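Peer 1: For reference, the chains in residue letters:
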Amino acid sequence: MIRFDNVSMRYPGGHQALHQVNFELADGEMAFLTGRSGAGKSTLLKLLMVMEKPSQGQILVDGRNLGRLPRQQIPFHRRRIGVVFQDHQLLFDRSVFDNVALPLQIEGYPKHEADRRVRAALDKVGLLRKEKMNPQQLSGGEQQRVGIARAVVNRPQILLADEPTGNLDPELAAEIMQLFEQFNQVGVSMLIASHDLSLITRLQHRILTLDQGSVVQDAWQGAEPAARGPRP
Amino acid sequence: MSKPRRASGAQQHRRTMRSALQSAAQTHWRTARQSLQRLLQTPVATAMTVAVIGIALVLPVGLLLTLDNLRGLSGNLGGVSQVSVYLEDSVSAAQAETLVQELGQREDVQQARYVSPEEGSEEFIEYSGLGDVLAALSENPLPGVIVLTPRLLDAAGAQTLLSDLEGLPGVQSVQFDLAWVERLQQLLALAGRAAAGLLLVLCLGVAFVTGNTIRLAIEGRRAEIVVVKLVGGTDADVALPFLYCGAFYGLGGAIGACLLLWLGMLLLQGPAQTLLTLYGSDYRPQGLGLGGGALLLAGGSLLGWLGALLSVRQHLAAIEPR
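Same order as they appear, the protein sequences are chains P and W. The opening position of the first sequence corresponds to residue 203 in the working numbering, with each subsequent residue numbered one higher. The opening position of the second sequence corresponds to residue 12 in the working numbering, with each subsequent residue numbered one higher.
There may be inaccurate statements among the hints.
Just a few of them, taken from the derived set where beta-carbon distance is under 7 Å, the chain W residues facing chain P [to be verified]:
hint	residue
1	34
2	38
3	238
4	242
5	243
6	244
7	248
Bear in mind the hints are in silico, worked out from the structure with no lab data behind them. Quick caveat: nothing in here was measured; it's all calculated off a predicted structure. Don't be surprised by glycine CBs; every beta carbon is placed ideally from N, CA and C.
Model the full assembly from the supplied sequences, consistent with the hints where possible.
Peer 2: This is how it looks when you write it as structure tokens:
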């Protein structure tokens with residue numbers, strides 16, 4: 203689903219954010235991306251969103267080379283990827299419902315279909331009863347769940363998350379991770395950047411460790427889930 | 012592939028085409044409504060922008076309308092324009108009447124009338140209020156005059172008539188009242204050019220005012236633009252609300268301009284009518300009319316949209332998620 207081939211990324215200022223990164227994420231796989239801040243986690247996710255372009259190497263997503271993606275195709279690439287941000291990136295000038303509906307409105311879903319999907323997504327994250335509220339009225343954990351609902355509402359093949367539990371207490375963080383695991387179980391490929399090692403080592407998933415822009419460790423926590431196999 | 016399946020494929024295609032159109036219409040309707048709501052949320056700021064646009068539109072349109080009316084009026088006056096043929100003192104009344112008969116038969120003369128020196132002096136005393144001056148003179152200084160009403164008024168025809176009249180025996184001089192009409196028309200043509208220039212400049216002004224307002228709106232909604240781009244919004248998706256905003260500003264300004272023009276007509280109609288009646292004209296001042304009003308509204312919206320487009324082109328590309 204995602205493949206990095208010798209990807210290096212050097213910012214215009216000269217900072218080497220990624221150096222010769224190679225890895226592959228299979229369809230339906232869930233992996234964590236960890237490392238200290240500045241190790242290159244965010245840069246890697248930005249490359250996947252084509253917010254940046256690599257200075258070297260190639261990135262394939264679902265067989266498409268992102269380096270060759272024409273500018274006008276970028277929005278359509280982004281529609282196939284859901285993203286959860288540490289700072290939620292919610293819009294406070296509209297309700298929770300409208301925030302979650304945004305990707306569907308952009309894709310031009312008919313209203314009744316969009317409404318149905320938004321309610322399903324909000325129900326999934328347990329916020330159905332707060333759909334009319336403004337995100338500002340919600341707690342940090344709830345805001346993050348609105349962000350997750352928005353990321354999954356158009357059923358993307360891939361879900362990326364950048365420090366999704368960064369501002370949450372351990373209990374809420376564990377809840378959010380559980381939610382991610384549920385999406386993964388229905389076949390969504392996941393890449394979650396987090397420096398919360400104590401949390402992610404408890405979960406049984408693959409962990410990619412970055413240090414100074416290079417992958418220094420690629421290991422499975424617990425048994426390699428080969429038995430699960432590809433999704434039907 | 013069997014027949015029924017092919018038919019169902021075509022149906023499916025038609026259905027997707029229809030639902031695509033439907034969802035596009037839904038998007039436009041929703042975006043237009045939200046843009047309008049957003050403008051109404053800040054009524055004072057919106058009203059100020061709309062007022063600036065309205066005033067910028069009302070100036071050239073009002074000027075063009077005035078010129079149009081003057082042009083109509085000058086045509087109307089031109090129709091009753093007169094030619095005065097002054098006769099030499101040696102021409103007798105009988106000779107003058109013969110001349111009137113001859114002139115009256117010309118194709119380009121509608122009417123000819125002889126005004127003898129005596130009648131002339133009576134008219135002069137009656138209308139000028141200077142009767143005492145005339146009475147003080149020992150003899151009547153006024154010449155006999157043939158007053159002609161010409162039938163047509165194009166420049167060549169008028170020239171022919173003028174030279175024919177000047178060539179007649181016993182004619183001292185010919186005075187065309189046409190000259191001032193021509194001068195007025197030349198002046199109007201000149202003013203028309205100036206108004207067109209003004210219209211162009213102020214239209215640009217409207218586009219720039221809208222563009223600048225939209226630039227501020229884009230700055231104010233930076234966060235939203237970033238989020239929309241992150242969840243897969245195209246440049247067109249991001250631009251659409253701003254284009255609607257611009258069109259609404261222009262439309263609002265045009266409505267304001269229409270109201271101002273209507274008010275102006277209301278204020279001026281009475282005095283203008285009185286003035287025209289005094290000049291013996293049956294001309295009625297023309298307002299913008301339904302067609303002109305519609306044109307102004309469409310033009311205003313278009314200018315606002317254009318200004319927004321300029322702004323969006325320039326500023327939206329610079330806002331990318333980082």
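Peer 1: Could you run down the list of hints and mark each one as holding or not?
Peer 2: Hints, verified against the model:
1. For residue 34 of chain W, the suggested interface contact is upheld, since its CB lies about 4 Å from the closest CB of chain P, less than 7 Å.
2. For residue 38 of chain W, the interface hint holds, since its Cβ comes within 7 Å of a Cβ in chain P; the closest pair sits about 6 Å apart.
3. Evaluation of the residue 238 of chain W hint against chain P yields a held restraint, the C-beta minimum of about 5 Å falling below 7 Å.
4. Checking residue 242 of chain W against chain P: minimum C-beta separation of about 4 Å stays under 7 Å; hint holds.
5. Given the 7 Å rule on beta carbons, the hint for residue 243 of chain W holds: about 3 Å separates it from the nearest Cβ of chain P.
6. Annotation: interface hint on residue 244 of chain W holds; nearest CB of chain P at approximately 5 Å, less than 7 Å.
7. For residue 248 of chain W, the interface hint holds, since its Cβ comes within 7 Å of a Cβ in chain P; the closest pair sits about 5 Å apart.
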